[in-house]
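Protein chains in written order, with our numbering: chain V, 99 to 446; chain E, 99 to 446; chain D, 99 to 446; chain U, 99 to 446.
Treat the hints as calculated values from the structure; they're not laboratory data.
These figures come from a predicted structure and were not determined experimentally.
Be careful, since some hints might not be right.
Identical chains blur together in the list; that is why a pair holds if it fits in one copy or across any two.
Claimed, not checked - Derived DMTMM-like pairs: lysine to aspartate or glutamate, alpha-carbon spacing no greater than 20 Å straight-line:
#1 Lys-173 to Glu-354
#2 Lys-323 to Glu-264
#3 Lys-100 to Glu-125
#4 Lys-100 to Glu-404
#5 Lys-100 to Glu-132
#6 Lys-374 to Glu-264
#7 Lys-173 to Asp-324
4 protein chains.
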Amino acid sequence: MKPLFYSDYLEGAHPSIIKALADTNFEQTPGYGEDAHCAHAADLIRKACNLPGAEVHFLVGGTQTNATVISSILKPWQGVLCSDCGHIGIHETGAIEHGGHKVLPLPSKNGKITASQIALALELHHSDPSSVHTVQPGMVYISFSTELGTLYTKDELKAIAAVCHEAGIPLYVDGARLGYGLASAECDMTLAEFAAIPDIFYIGGTKQGALFGEAVVINNPTLGKDFRYAIKQNGAMLAKGRLLGIQFESLFSESEEKTGLLYLALAGNADAQAAKIKAAALAAGIALFGDSPTNQVFLIADRALEERIDAVAGYEFWQKYDEERNVIRLCTSWATSDEAVAALISAF
Amino acid sequence: MKPLFYSDYLEGAHPSIIKALADTNFEQTPGYGEDAHCAHAADLIRKACNLPGAEVHFLVGGTQTNATVISSILKPWQGVLCSDCGHIGIHETGAIEHGGHKVLPLPSKNGKITASQIALALELHHSDPSSVHTVQPGMVYISFSTELGTLYTKDELKAIAAVCHEAGIPLYVDGARLGYGLASAECDMTLAEFAAIPDIFYIGGTKQGALFGEAVVINNPTLGKDFRYAIKQNGAMLAKGRLLGIQFESLFSESEEKTGLLYLALAGNADAQAAKIKAAALAAGIALFGDSPTNQVFLIADRALEERIDAVAGYEFWQKYDEERNVIRLCTSWATSDEAVAALISAF
Amino acid sequence: MKPLFYSDYLEGAHPSIIKALADTNFEQTPGYGEDAHCAHAADLIRKACNLPGAEVHFLVGGTQTNATVISSILKPWQGVLCSDCGHIGIHETGAIEHGGHKVLPLPSKNGKITASQIALALELHHSDPSSVHTVQPGMVYISFSTELGTLYTKDELKAIAAVCHEAGIPLYVDGARLGYGLASAECDMTLAEFAAIPDIFYIGGTKQGALFGEAVVINNPTLGKDFRYAIKQNGAMLAKGRLLGIQFESLFSESEEKTGLLYLALAGNADAQAAKIKAAALAAGIALFGDSPTNQVFLIADRALEERIDAVAGYEFWQKYDEERNVIRLCTSWATSDEAVAALISAF
Amino acid sequence: MKPLFYSDYLEGAHPSIIKALADTNFEQTPGYGEDAHCAHAADLIRKACNLPGAEVHFLVGGTQTNATVISSILKPWQGVLCSDCGHIGIHETGAIEHGGHKVLPLPSKNGKITASQIALALELHHSDPSSVHTVQPGMVYISFSTELGTLYTKDELKAIAAVCHEAGIPLYVDGARLGYGLASAECDMTLAEFAAIPDIFYIGGTKQGALFGEAVVINNPTLGKDFRYAIKQNGAMLAKGRLLGIQFESLFSESEEKTGLLYLALAGNADAQAAKIKAAALAAGIALFGDSPTNQVFLIADRALEERIDAVAGYEFWQKYDEERNVIRLCTSWATSDEAVAALISAF
């Protein structure tokens with residue numbers, strides 16, 4: 099079998115997680131996240147984030163997490179500002195609208211939006227004499243790392259949060275790929291530095307070493323009230339909730355190599371493998387589409403290159419670039435091996 | 099640790115499932131249920147149900163399955179008829195209403211409703227000159243086995259389906275505990291005989307041997323169109339969908355003892371253990387609350403009995419019975435051992 | 099044509115309203131309720147209610163008012179406690195559920211619920227260890243006068259409000275028939291005394307002399323924020339909003355006979371005509387169903403009586419009473435004449 | 099008072115409508131649109147549209163009509179394709195999203211979209227291997243005349259309908275300003291020719307001579323089933339429904355001048371007055387923004403012009419054009435007089 103680079107959720111989980119699930123299999127625990135593993139995992143996350151007062155909740159997947167968080171925060175007539183490549187606006191089959199809310203996209207650059215764009219959108223809304231005829235921006239959603247693999251700097255994030263807080267609306271960060279962002283050589287924040295900025299964010303497990311699972315961290319006490327009702331109502335409360343606790347216990351423990359949290363160690367491997375792919379592509383004269391410093395590499399490929407890659411590895415068609423060329427995506431993960439990367443690179 | 103009988107989802111999964119997850123952990127598969135394990139599991143289910151043309155979809159949990167199925171079927175002005183102890187009306191935090199639909203409860207007897215109750219409700223609605231001012235019944239929801247552990251007979255189910263079909267509305271069966279029902283000594287149907295009756299039902303995995311997972315079986319081609327959009331929109335499409343496929347492959351394979359499907363073998367153990375508890379209770383002069391022939395036993399317990407049980411086992415408070423007595427629930431599962439039951443019974 | 103007593107919205111509007119609409123027809127005013135008539139009408143209502151700080155908004159009809167108010171207040175996982183004959187639960191085609199919320203009916207007596215029932219429902223919810231699996235009561239809805247024409251006393255209303263406020267949830271009164279209640283000989287409150295009690299209520303125009311229109315009065319500043327967005331989103335913001343202002347200007351001006359507000363004078367006529375019908379029925383030995391002191395009279399009628407009435411007047415079938423008898427409803431309105439009542443009574 | 103050109107709903111109703119309301123005021127009629135006036139008005143509309151089999155329903159306002167129609171048609175995972183200046187996407191406070199559906203805007207030219215744009219959007223969706231992760235286009239919404247006053251030709255409309263029908267989705271036309279479109283000198287269709295094309299459309303009354311009211315015409319039998327439930331659920335069923343019937347009876351009767359339907363005669367006046375304004379502007383060297391042939395005129399105005407107009411007439415700021423100039427909107431209506439236009443033009 100040729101190695102696949104379609105996405106970052108092609109494999110199961112890091113072996114230590116499989117082992118932990120097996121080891122705890124016959125424990126009898128209460129359901130719905132009220133077990134000791136969830137409590138312990140939440141403590142580990144609070145500690146890693148240096149947010150001793152934060153609420154931590156575990157949900158199963160990203161779309162349901164976004165739908166649950168956003169609909170729990172917004173008033174019916176409010177919408178959510180985001181980048182025009184934000185996952186909630188494009189790849190969630192209208193889950194946000196299903197919950198009653200409009201997604202309010204802003205034009206992005208490299209997958210990112212800026213504090214001043216948000217400030218302008220808020221200003222335009224509130225100064226419009228017909229504002230009640232339009233959807234009121236009620237929160238801001240950004241992704242870190244973004245859907246294009248790019249990163250906000252600490253200053254950019256702080257500026258966005260400042261605009262939000264001046265307007266009295268929360269900042270929510272989708273961290274489906276949070277680890278890949280934090281582990282990147284180009285990231286200028288630690289997890290704790292990052293965690294201090296948003297009102298609410300989630301730490302993605304599904305794409306970063308777990309079988310599934312996202313940990314929502316709420317660092318604004320006004321947002322957390324009754325959040326468990328929202329989880330249940332959105333069908334996001336796992337009966338055997340301990341499965342989430344056990345997985346995040348593993349991810350937020352020291353890695354075997356004692357180099358820090360397993361979560362970041364796994365992401366670091368993915369980023370490093372992606373960097374090798376990127377370097378090899380550049381060395382071979384292949385143009386990048388965007389310049390992601392994380393685990394997704396976007397190449398501009400002509401037909402010959404696509405065929406050469408296809409012969410040795412799986413890649414994802416992203417979009418048309420021009421008549422002769424496509425943009426293709428190559429994703430690495432915690433599980434990507436040197437051998438797999440070597441096989442891929444041989445096609446360049 | 100004393101054995102717990104709180105619910106039927108206290109443990110992880112049957113060891114063969116854990117093993118299958120571990121064995122397949124490094125396979126690279128497409129996401130979202132489009133992998134070979136899901137395809138294979140769906141085939142096994144179609145075969146076991148003798149429904150070669152049915153659609154089979156895998157979701158994560160029961161509340162999300164109910165919300166997804168019901169909102170995918172109903173028109174905005176329609177509601178769902180069910181028993182007044184139906185799970186959707188009581189223990190899903192209004193997930194059905196969150197999707198826009200009213201739950202229309204009918205008074206139940208032993209957790210069950212009848213074809214004639216449904217026929218009457220439909221007749222009352224459609225003969226009401228103000229019908230457009232009221233919610234139109236658009237489908238029927240029942241549980242098998244019911245929330246009180248009871249069973250519909252084949253004739254009862256067929257009569258309900260006949261009323262539904264005469265009215266042009268589908269019958270949906272919540273099978274969170276389908277196996278416990280079918281494996282009961284008092285059940286007069288095989289899986290295939292059951293499966294032929296509803297338009298749509300789900301086979302519960304979470305409470306019956308899996309880590310999680312519910313398999314929706316659609317036996318009415320008008321209901322299946324675009325169902326995957328509904329799954330995704332409801333946040334119910336697992337990224338690593340193969341986890342569901344792998345688990346149902348195990349459950350719908352022959353059990354090690356070659357006595358039939360693992361799914362039914364596991365349920366059979368739970369039912370047998372529950373029968374022992376019930377027999378011991380009756381022998382000890384303890385009154386039953388209802389007469390469940392499946393894996394849930396409801397006892398009418400005075401304070402002394404509660405204390406004796408509490409000393410040796412975990413039980414669930416169900417409701418007050420009178421000033422001196424409570425109804426308590428004891429659940430067995432695929433994992434309930436002879437030793438656990440013996441410990442519990444010693445308190446009677 | 100025989101006179102009709104089907105409902106209290108059989109005619110157009112009080113002639114002074116038609117005249118006001120004609121007189122103002124060529125005025126050019128801003129839309130959406132931002133005109134001088136709406137401002138003036140709101141002032142008149144604030145004055146009549148002795149609520150100088152209240153917000154007043156004008157909507158078109160009752161169902162849309164209930165849907166707008168309730169969905170603007172509740173969190174997604176909250177429902178609304180009400181009587182089991184509450185209009186929102188029965189005759190609004192699931193408009194509340196369409197907005198995402200469950201209606202939580204309590205058993206009523208004469209159409210009314212009590213403070214202690216509400217307190218118990220709240221206590222049961224919040225003491226339930228599984229509360230997050232159930233819908234959280236987030237507000238209370240009652241009708242004044244009720245759907246059966248009955249009245250809460252001032253003490254009953256105050257007790258309900260006290261329970262609500264202790265629990266931190268608002269009390270909302272549906273005043274589709276508020277005038278008929280306040281004008282009743284049995285009512286122990288003035289409009290201002292009534293208005294001081296709920297957090298939010300509406301003053302019904304449609305059934306009480308206007309062509310259409312309901313005035314929402316918000317006496318709790320936390321509920322009014324951004325309410326105009328909610329009105330617009332629910333399709334309840336009339337483009338030519340001045341039509342509502344003009345009508346409520348008329349209703350909340352002195353009546354021609356200088357006996358107080360036209361609104362109450364019109365309701366007083368209806369109540370007086372209903373009292374005559376009730377007295378005549380009792381004198382003729384006809385049993386009442388309930389004992390409404392407002393504009394709806396419910397009689398228990400055998401077939402012969404129904405036929406006699408049908409020969410001279412229109413009535414509404416309400417429900418079956420027993421094999422031989424039905425409950426029928428007779429409604430009066432601002433427009434009911436002595437002649438019409440005399441014709442009806444002749445049948446008794 | 100200077101004449102106002104803010105919008106086309108500044109006045110009440112055509113005097114014949116006020117008279118009809120007064121004349122019928124004391125009739126007693128059934129509620130909710132089941133009266134003889136509504137039946138008669140529906141017949142007049144069917145006749146005028148030459149659609150003998152069409153269903154006709156009367157609602158109160160445009161936003162509620164759009165929300166009711168769209169949510170009654172779409173499946174939960176479907177959205178509505180429209181122009182990026184479509185009213186539903188911009189000026190309805192997210193009413194469509196409140197009903198659970200995403201608005202899918204296409205870039206417009208002069209407020210219009212084309213059949214080939216729609217075909218491309220459909221093709222892109224259905225050929226996307228990830229289509230189930232995105233919102234499925236389930237209907238097309240266009241406005242006639244458009245929000246910018248422009249018109250589709252008969253061929254353009256037919257081409258759009260053909261694309262829709264090939265894809266199996268309905269075409270819905272928002273006719274808030276339908277009369278202004280049909281009465282335009284540049285329109286190449288009669289009402290009946292227009293009416294034959296869409297699956298469903300509405301005839302706007304609010305902006306075209308009525309106090310309020312929109313008539314939904316359903317020319318596709320699969321869409322009409324149970325539509326009255328949808329009307330009621332959306333709070334759009336007027337209790338005194340005859341008010342809508344009476345108004346549309348007037349609008350769809352011969353005008354006093356016997357020149358055809360009053361509805362079109364009134365729109366014709368508005369269009370003619372707008373044409374005079376446009377001609378005067380061009381004669382004065384003022385640039386148009388777009389070239390609306392209907393009742394809305396958009397001018398590019400420098401500050402001096404704005405001040406001159408403001409001195410003699412009311413106008414609406416539309417948007418900034420450049421640093422020195424704004425786009426302003428001038429609306430005419432059935433009630434716009436020669437004197438008002440003369441006053442306005444004097445400023446040019």
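Quiz item: Between the shortest in-copy and the shortest cross-copy C-alpha distance, which are at most 20 Å for Lys-173 and Glu-354: within, between, both, or neither?
Solution: For Lys-173 and Glu-354, the Cα distance exceeds 20 Å both inside one copy (45 Å) and across copies (44 Å).
Quiz prompt | Within, between, both or neither, where Lys-100 and Glu-132 count as close if Cα-Cα is 20 Å or less | solution = For Lys-100 and Glu-132, only the inter-copy Cα distance (18 Å) is at most 20 Å; the intra-copy one is 42 Å.
Quiz item: Is the C-alpha distance from Lys-323 to Glu-264 at most 20 Å within one copy, between copies, in both cases, or in neither?
Solution: Classified as between; 18 Å across copies, 22 Å inside a copy.
Exercise. Have a look at Lys-173 and Asp-324 and pick one of within, between, both or neither, based on CA distance no larger than 20 Å.
Key: both (15 Å within a copy, 10 Å between copies)
Quiz item: Using 20 Å as the alpha-carbon threshold, which applies to Lys-374 and Glu-264: within, between, both, or neither?
Solution: neither (42 Å within a copy, 48 Å between copies)
Practice problem: Evaluate Lys-100 and Glu-404 at a C-alpha cut-off of 20 Å and name the case that applies: within, between, both or neither. | Solution: within (15 Å within a copy, 61 Å between copies)
Quiz prompt | Same-copy or cross-copy closeness of Lys-100 to Glu-125 [CA-CA at most 20 Å] | solution = between (39 Å within a copy, 11 Å between copies)
In summary, the structure is inconsistent with hints 1, 6 from the numbered list given earlier, while agreeing with the others.
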